[in-house]
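Residue numbers (the working numbering), protein chains in the order written: chain P, 1176 to 1491; chain F, 1176 to 1491; chain U, 1176 to 1491; chain G, 354 to 454; chain E, 354 to 454; chain Y, 354 to 454.
Check before you lean on any hint, since a few could be wrong.
To be verified - Label-pair distances were calculated between CB atoms; the ranges are:
#: 1; chain 1: P; residue 1: 1356; chain 2: U; residue 2: 1242; range: 56 to 62 Å
#: 2; chain 1: U; residue 1: 1476; chain 2: E; residue 2: 419; range: 55 to 61 Å
#: 3; chain 1: U; residue 1: 1242; chain 2: F; residue 2: 1289; range: 54 to 60 Å
#: 4; chain 1: Y; residue 1: 418; chain 2: U; residue 2: 1297; range: 56 to 62 Å
#: 5; chain 1: P; residue 1: 1319; chain 2: F; residue 2: 1292; range: 56 to 62 Å
#: 6; chain 1: Y; residue 1: 359; chain 2: E; residue 2: 372; range: 32 to 38 Å
#: 7; chain 1: F; residue 1: 1250; chain 2: E; residue 2: 372; range: 33 to 39 Å
#: 8; chain 1: Y; residue 1: 428; chain 2: U; residue 2: 1292; range: 56 to 62 Å
Hint data in this document are derived by calculation from the structure and do not stem from the laboratory.
Built from N, CA and C at the ideal position, the CB exists for glycine as well.
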Amino acid sequence: MAVIDPIILFFLLGLAASAMRSELRLPAAVYDFVSILLLLAIGLKGGVELARQPFGSLLPQMLAVVLMGSMLPLVAFPVLRLIGRMNRADAASIAAHYGSVSVGTYAVAVSWFDARQIDFEAHMPLLLTLLEVPAILVGIVLARGLSRETRWSDVAHEVFLGKGIVLLLGGLLIGWIAGEDGLVSIKPLFIDLFKGFLAIFLLEMGLIAAAQLGTLRRHGVFLLLFGIGMPLFSSVVGAALGWGLGLSVGGTAMLAVLAASASYIAVPAAMRISVPDANPTLSLTASLGITFPFNILLGIPIYYALAQQLHAWLGS
Amino acid sequence: MAVIDPIILFFLLGLAASAMRSELRLPAAVYDFVSILLLLAIGLKGGVELARQPFGSLLPQMLAVVLMGSMLPLVAFPVLRLIGRMNRADAASIAAHYGSVSVGTYAVAVSWFDARQIDFEAHMPLLLTLLEVPAILVGIVLARGLSRETRWSDVAHEVFLGKGIVLLLGGLLIGWIAGEDGLVSIKPLFIDLFKGFLAIFLLEMGLIAAAQLGTLRRHGVFLLLFGIGMPLFSSVVGAALGWGLGLSVGGTAMLAVLAASASYIAVPAAMRISVPDANPTLSLTASLGITFPFNILLGIPIYYALAQQLHAWLGS
Amino acid sequence: MAVIDPIILFFLLGLAASAMRSELRLPAAVYDFVSILLLLAIGLKGGVELARQPFGSLLPQMLAVVLMGSMLPLVAFPVLRLIGRMNRADAASIAAHYGSVSVGTYAVAVSWFDARQIDFEAHMPLLLTLLEVPAILVGIVLARGLSRETRWSDVAHEVFLGKGIVLLLGGLLIGWIAGEDGLVSIKPLFIDLFKGFLAIFLLEMGLIAAAQLGTLRRHGVFLLLFGIGMPLFSSVVGAALGWGLGLSVGGTAMLAVLAASASYIAVPAAMRISVPDANPTLSLTASLGITFPFNILLGIPIYYALAQQLHAWLGS
Amino acid sequence: MSNDHTRKLVTIITEAALEHSLLRDFKRLGAKGHTITEARGSGHRGVRSAGWESNSNIRIEVICNEAVAQAITQHLQDQYYANYAMVVYSSDVSVLRPDKF
Amino acid sequence: MSNDHTRKLVTIITEAALEHSLLRDFKRLGAKGHTITEARGSGHRGVRSAGWESNSNIRIEVICNEAVAQAITQHLQDQYYANYAMVVYSSDVSVLRPDKF
Amino acid sequence: MSNDHTRKLVTIITEAALEHSLLRDFKRLGAKGHTITEARGSGHRGVRSAGWESNSNIRIEVICNEAVAQAITQHLQDQYYANYAMVVYSSDVSVLRPDKF
Ligand SMILES: Nc1ncnc2c1ncn2[C@@H]1O[C@H](COP(=O)(O)O)[C@@H](O)[C@H]1O
Ligand SMILES: Nc1ncnc2c1ncn2[C@@H]1O[C@H](COP(=O)(O)O)[C@@H](O)[C@H]1O
Ligand SMILES: Nc1ncnc2c1ncn2[C@@H]1O[C@H](COP(=O)(O)O)[C@@H](O)[C@H]1O
Ligand code: NA
Ligand code: NA
Ligand code: NA
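Isolated chain P, as found in the complex (with noise of 0.2 Å):
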């Protein structure tokens, strides 16, 4: 077993590569291109374990994880209000990032558990598309109230109707109709390559991530603290919750993974429209720039012996 994941490594290389203001730049094509894949992926093989069980024993859970991405906002606003003196807006949509869930950090978690052969209930891609949306409507509500200005059609379009959502669910859908045996032709492109294409794609997160960092010396040390500690305290959340479902040690821990995870795709975008207000510098400085290198630098490890404490205290 290899002390470092090799994907972590290119990783390192963007980030290394920015700091050193190199001209590597991957295309923004190359970028979607490898985001759609992993999506697409994702949800595949979501799809195929959804098959394989009764729909109707998934509810719960469901249920479960809706609720905690929609609690977890509500604990995350008053920190940056109260403590980080943040105004409204920016404290809402900060809120949101951290209630919803980062796909690069899920994807990359399912790659260390991999390499390491732990097991994890396989329709964890369900619960990832489900906590990407409660969220972003509590930080909405947070930061305007209940208003009647609020135009909630829009803001259901740019939720339910974004890039992540549709090729997650999209995914979900495909594989879950189609079975292991229908997606054998596709999955040269699709399995095969995953890790490859998890490479690429971190390559350029590590470009994105050290540019954000050159915002952080403005935002002084409460965001760095908040970037991480939010993780952490999310983490304890859903490893708990984790256990309280039934689940298995390493579905525990992926769940763990992804309360701790700040979404940098789906929120940012729904906040720019919703909440304009909100500085998007501040939100991505903390999701990208802090919490994602992280979690998949760090965070990962303790939130799987996190899950197996729980698991070792409480009993499975």
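Since the structure of chain P is provided, determine the placement of chains F, U, G, E and Y with the ligands on it from the hints.
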């Protein structure tokens, strides 16, 4: 055997996403990349097979399909003029689209045949390439007469040196020269990933096809009927010709598919330059918005059943 | 063993399509994507091998090739000045191109050697990376003298942090740290697809090379002779050095290939900034329009034969 | 210069995320068309290098008559200028077929 | 404004399929160069969203003297305007090295 | 036209390789921002078709006051015009929030 090929599900995903006005869009570069790979792959496969048989024995088939490609527009034209009440340019342009072929439809048919282990003559890509051209020339003559003003050298350039023909023909030649063994090293990209890339391609085609449907309302019911009736008619011509040429059941069905398919790449580009007064929206709505979905969702199994019947009635 | 490597056929297809003024064009993003994958793949492979041998034992070889890369421009420069009657800037710039290396040529050579199962020292990618740089510095000094005005920090930035070096070096480091086992999961993208992507790359290179040939007419016969004569000369230097360093026959041939190859990415970019009065058309016509095709079509087998002769005459 | 072939060319450089809303607004305000190119740049709200979605700019051009141009710039100033990376400028251009705009 | 550094900037937004023909025509009419950017948009001939070839626009800029500008716009009006998605506008710009154009 | 909302729009079409240096120079000369789009084209230095790096153009727009515009064009003329594929033109535009530039 899956009831529905998963790659078709990608097409439906694209249709649905577009119909719901999702933000999902593939960068143009991704569409280009995927279609370049598909064209080369189809050519390579065909070329390998060509190397196996004496070229002379194919000449009669080649001449016959060129003739078919020239006749089909002559059937479509009066229908479009008299029943559709279209002006000369529009009728000629649409007729050219339906005399030519769609590489995407062919690729889906290959996938459908493969899944059912139906054999077909392996030099089909050669016939596909040949079929692209004659209908364009016939369409121009239908629109303009044998006018002196037509810059035939420009037309020839547009027709023979467009991306599609160059890549198909280039692939054919490379496959023919290198042979099966020579291609082993590039097989992982061009052969193993073929269906995966086809899935991405169909996702985009779904997005595009749905966008065409918007214009359908304006052009009424004739276009819809023509877009379904014409391929059904052409498939009978194609199947009869296939039987006449002594092709296998699979080969007969594949020639029916080729006859039934309508161009949406080579012909639109050539018509835009050579018959500028034809309205491109009409022809694209028909070929992309109606005939392409019809063929890949319903047509292919119909054409295969037709070929089976024909061989059952008339003997192989 | 195929007489001609199929990937070479892709290059010829590109040449032919461009010569016939086809509309075929690869989007810039595809070219970028493919070259990023090739650079990383070459680096990764080399890095894995580096992990296997004590680094110290490579130092003499590393120094020797750096010296070779610095000397070759000093040979080319007077030829270009005196026989080619070029001005100082042009001569210096072209000299730098020929002292440096072409990653594309190296990749084709790797493919050629693989097809013939010829072994070569696996740390070649390290030497390749090292060879990119010294000729650039020598070229600048030849053009400017050791002028105070040269912004050396800008030059260093341009040279060491260009896309090529960062990806090659990054790949080397990742391969070195992760080792063969660590890379298993990303092998399908970077190793299995290598030749397929190389084929796409060469298709584009053919299109580009043909475009350079247009300018050849204007620059006459000297450039043509230099573009063939210089790599032949350099290959002798490279082969002699390879023999002197005790490399295997394959390694000797590969060093000859590196010496014979001329840069068309790193050096043009650096010269454009540092020696702006050099005409980039001249150097690109030579390196891309003449030397690259010559090397991949004819040079590689010649250099291999040369290495065999040398080892036969002088003993291994 | 100001004959009856003259129209206003309004150019807006802003965040790609606004595309959907802006186009809807422009249509409502009377614009008969628009042209978009992808862009990147920097300004008061920092560098927007187009490496990924949230960080991309678009450059929108709208050719229209004086009144629509006025309405568009006013609307942008009121609704978007405070919260978004945005630059707006306009100039006179001479068009073919002025009735088109 | 109208000193001897002033030239015409003609901008054409049209279907990508016309690139080849238009550039040939412009050269014949006396243009010494051109610049192209990829574009998308909408107008009288509907939405052109650049998702694929037939549906892409290009934006061509030509800097030239008054006479060439006149010839180009006239030619576009005569040969293309009726049948293609096309917008043409021009304005005065002040250039460096006017002899270049 | 020349009221206090008028600024200069300087447009530079040149080799992509110059991006880094030019942006640094413009900042030093007082520009508060810039916008870049990818371009291709042809001119005195031949065809630049953007097929690959060395052969790509960029189109830079800088909105600034008269003095900065003057400084930028002068600088380009002195430092770059002789050795690089480059076209520079400028015009007056009317801007929102002129204090921004
Ligand atoms: N002075 C300027 N000249 C040209 N473009 C500018 C200028 N300032 C800003 N921009 C563009 O407008 C976008 C938004 O500007 P801002 O709101 O100032 O951040 C930037 O990302 C640039 O693309
Ligand atoms: N009013 C307008 N403002 C800016 N661009 C326009 C306008 N009208 C049309 N265009 C552009 O010109 C192309 C062709 O226009 P049309 O011929 O009106 O369909 C469109 O696809 C747009 O990119
Ligand atoms: N007359 C022109 N009109 C528009 N763009 C031009 C013109 N001349 C040159 N260009 C652009 O400026 C670049 C450099 O021009 P040049 O220095 O003349 O080669 C070209 O590649 C074109 O993109
Ligand atoms: Na979270
Ligand atoms: Na047909
Ligand atoms: Na060399």
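Here is what the structure says about each hint:
no., hint, result
1, 1356/P - 1242/U: 56 to 62 Å, "holds, 60 Å"
2, 1476/U - 419/E: 55 to 61 Å, "holds, 60 Å"
3, 1242/U - 1289/F: 54 to 60 Å, "holds, 56 Å"
4, 418/Y - 1297/U: 56 to 62 Å, "holds, 60 Å"
5, 1319/P - 1292/F: 56 to 62 Å, "holds, 59 Å"
6, 359/Y - 372/E: 32 to 38 Å, "holds, 35 Å"
7, 1250/F - 372/E: 33 to 39 Å, "holds, 34 Å"
8, 428/Y - 1292/U: 56 to 62 Å, "holds, 58 Å"
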